[in-house]
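Trainee: Sequence:
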Amino acid sequence: MRVLGSLVALALAGLAAAVVDPSHPAPTQFPRNVMSPRGSLLSLAPPDGAEFLVDQLFDVRIELHNVNSTVVPDITGYKLVINGDSPLNQFGLRADYALPKPENWTFAWTPDVAAVYAKKPVNVSVAAVAWRSVSLKVPGTYSVQLNVGNESISAVWTVRSFEGKKAKNAVLFIGDGMALSATTAARFISKQTKFGKFGKNFLSFAKMGTIGLVSPNGLDAIITDSANSASAYNTGHKSAVNALGVYPDTSANSLDDPKVETIAEYIRRKNPGRCIGVVTTAEIQDATPAAVWSHTRRRNDKAIITDQALFGVKNFSAAVKPDVLLGGGGEFFCNGTNLTCASNKNQNYYDIYKQAGYSVVNSKAELEAYSGSGPLLGIFSLNHMETWIERNMPAYFDGFNATKSDPFGHSYASQPQPNLDLMVKKAIEVMDARCGAKGWFLMAEAAAIDKMMHPIDFDRALADLLELERAVDVVLDYNAKNNGDTFIMLTSDHPQAYDVFGTVDTQFFNGQPLNLTGDDPLSVRKRRAIGEYQQSGWPDLVINDTTGLPTHWNGRFKLADGKVDAFAHTEDWQINQVDPKVNPSSRPYALVNTSYEVKGDSVASYNPKNDPEGIPFLPNDFPTDVNTVHSLSDVALFCGGPTEMLLKCSKPMDNTEIFFLLADALGLGSGAVVSKRDIDERYVATALEPELQYDVPVRRNAVQGHHPGEN
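Just so we're aligned, residue 1 is where the sequence shown starts under UniProt numbering, counting upward by one.
None of these hints come from the bench; they were simulated from the model.
The structure presented is a predicted model; accordingly, all values stated were derived computationally and were not measured.
What you were told as hints is all true, and nothing was included just to trick you.
Below are the DSS-like pairs computed for lysine-lysine, each with C-alpha atoms no more than 30 Å apart in a straight line: (1) LYS438 with LYS314; (2) LYS425 with LYS438; (3) LYS425 with LYS200; (4) LYS207 with LYS425; (5) LYS166 with LYS438; (6) LYS314 with LYS345; (7) LYS207 with LYS165; (8) LYS609 with LYS404; (9) LYS354 with LYS425; (10) LYS438 with LYS481; (11) LYS79 with LYS137; (12) LYS191 with LYS481; (13) LYS481 with LYS165; (14) LYS137 with LYS438; (15) LYS364 with LYS425; (16) LYS481 with LYS651; (17) LYS648 with LYS425; (18) LYS207 with LYS438; (19) LYS648 with LYS438; (20) LYS314 with LYS101.
Could you build all of it, start to finish, from the sequences and the hints given here?
Mentor: Right, dumping it as structure tokens:
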């Protein structure tokens, strides 16, 4: 009987374990509302489990849905209770605070992929309210209860604070799309060994101090994009693909989603004497840099993002107004009817930034010559900056004489562009001169790791990863000369499913015929060049012995590398030179062939100009994809600086924890009670209301059809 009783107990325990928490997402590819608990028509943002820095500003969005109906649900009787008390009291609002008014809209929802291709969407009617720009001013745990009719939600929010700063400065380096396997590959092509032992010859950032693991997934999907993950790093809150500084709602307006204050905004509002710098080799409006200051559901609102950096968002937090802002993206600064410009309302944002006190530089030479104390704006290309190979190895690229990359939108090339390490060095010099003892926060991104992993251009991706190492070395040298009081974090916003499975003898490979239509349809002769296991001998190093820079990309023995996912392409494991007059990030590595259209989808096919003697790879990505996508793996977190912070890095964590590590290092949120918002007048958000400031964009509803991130 005891045995039977034990078995019954185990069975009951198993049944209990099988009960899924309603906060855990339902298994589906097309959720109606990612903010809703399982089976609920009601949603609350921020959701259960949300964490805040003390007095961090945020919006509360409540939605009630009526599915397959045009009848708007009644939300007027909703009741929101926080710790058994009124939100007015818990948020510290005045008794005469104007309560939010109900809103309503409709959207079309396709429950699954079958409904997408059958073109049978379901109408959803929505009633919603939004509490704007509120905060919780006392650390602790908050029990939240929301009731509307028969629907209810329970949530727990946590407010955190940190006593005393552990570092004067903080740097967040992001290797966009940098999987741990990519850092390993970069080491194998750049560092010498002694009979297989690397000894001290690991990448410098891997030796800074401690290493942790970060889970980059969002709340909407297991695979994230840069916007979603970088937003988590900057706000401490998970979000959805394409979203920046907001939780996603279901409205069409990309600017009304519930916002969360970024760490840069918090610094501006609470500690305005500290400098803020943003450096990237992408457009400064691209997802990772934009996550420092912007709030939009649509990462492609780039003209608006340019405006938000300077003016902020009306009635929310302080405008960030970075003290240093360096990268590409001139398309959204320049104006003119005959130029390649797309600025907000066709205004000249170079002039607008100058009027706000910025010095503007547009070339490597101008940046090197700059010796002021900012604020400094450096825009070096029309769109993304060139990759490291294009910037430094003209034998592979004639872009500075051919491409229309001028940051003012003219039909000619930009001036030579600076490298990431120079931009980081100059940013620190300016911020030290500008803010002195008050310190600074810097976000620096190596963007082309991701941008070149997408089209399977691995040489360029690894070259930019090695450039990131040299940028980190700038800060390590600075730290060694300045009492070690800079906290350094390096991670990736997400991985790419890249890895190495051997080496390739390219000399033998190139000597074998490609006879796909004859007696060798499977490329057997060329595949014999791939060495596996004991034949996976060491590759040629790419490093120039004199300069120490990676300039030898045509060695005989190369890494045999690839990705889990693929579009239709060919591979010869040699540096891509499809067209030396076209920026690699815009080269067509695959072509969309409309003659292969199947059930409404055009199909991506091989580009015959790309690796014409390479082995063909069959696609396994979505049919229209001409780029590969992101992947699932955790990413590494490398930390250096004050010992107290190093110990906090060496653990597995959600990507939201990066925000709190930075806040802890800089002593943000110190003190149990914050009574008011002390905003320095220099950083008051002076933007107009959104409908006046911008032409409010309408996004395609995020649940419809195939909707990849914008990389």
